[in-house]
Amino acid sequence: MPDSRQHRGPHPQDLGLFDDQHRQALRSATEDLSWLLSRGYALTSCLKLVGDRYRLRARQRLAVARCACSDEARKRRRRNQIQSCDLAGGELWIDGYNVLTSIEAALAGGVILCARDGCFRDMASMHGSYRKVAETLPALQLLAERLSDWKVARCCWYLDAPVSNSGRLKTLIEGIAEQWGACWEVKLVADPDPILATADQTVASADSQILDVAPRWFNLARRVIEEQIEGAWIVDLSSPGKATVSKQP
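Throughout the sequence shown, residue numbering follows the UniProt record's numbering, covering 1 to 249 in sequence.
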């Protein structure tokens, strides 16, 4: 069936799955899963154990998996994170789909997870295909505005070539860059992850596999959402006692 979505908004079940009634269980599950990961246990088996204990639904388990991380991973990611003041005059390599879909989802009122490592992650999934939605151009405009404010000299966007419509998104990104007079390059590659993980330049991503290796990274999606999208639906599972929901649709 063709993808006919016009927005990157919430799943029909999300209002019930991420309401105040469930937030304590989600917080506790994230804390427990992180404890197990810190002691070397495998994610898949741990997630089933924790999910069964708290009777979590599939999307809730996905959220917990995206928010949890080991103590060592959190320390390493925080140690290698840079701030916006460090971007001026430099180059930024952007994990295109990872960053863009989170901002699209925030604009559309979708669930945005604040994870234990401080990253914002969305609940969207593309399944090998990307479709432009109503939020795509506004999201790119917000990114262009903030990157200009931070005086980033050059951006290199990496998009997954196997994802359908990557060529069309490349054209959209280049169009926004032309409007802003920004020095942006868009590359279609088979797999951006190994390129970004070993980059000499600062990378922008919330992909845990990249952040576990990258020597310098910037929390781009979070900064744009926090500063530019008032009333975004943030489900904060970042630390014990901090499982808050900033807004529900």
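Rather than coming from a laboratory, the hints here were simulated on the basis of the structure. The reader is advised that the hints may include incorrect statements.
[Unchecked claim] Computed Cβ-Cβ distance ranges for the label pairs, DEER-style:
1. 138 - 90: 39 to 49 Å
2. 19 - 132: 45 to 55 Å
3. 162 - 11: 17 to 27 Å
[To be verified] The calculated DSS-like cross-link candidates involving lysine-lysine, where the alpha carbons are at most 25 Å apart (straight line), are:
4. 187 - 151
5. 187 - 132
6. 132 - 170
7. 170 - 187
8. 170 - 151
Just so you know, even glycine gets a beta-carbon here, dropped at the ideal spot from N, CA and C.
Hints and how they fare:
1. 138 - 90: 39 to 49 Å: Given range 39 to 49 Å: violated, Cβ gap about 26 Å.
2. 19 - 132: 45 to 55 Å: Given range 45 to 55 Å: violated, Cβ gap about 30 Å.
3. 162 - 11: 17 to 27 Å: holds, 25 Å
4. 187 - 151: Between residue 187 and residue 151 the Cα gap is close to 21 Å, so the pair holds against 25 Å.
5. 187 - 132: Since the Cα atoms of residue 187 and residue 132 sit roughly 18 Å apart, the hinted pair holds (cutoff 25 Å).
6. 132 - 170: Status holds; Cα separation ~11 Å.
7. 170 - 187: Cα-Cα ~8 Å, so holds.
8. 170 - 151: holds, 22 Å
Hints 1 and 2 from the earlier list are contradicted by this structure; the remaining hints agree with it.
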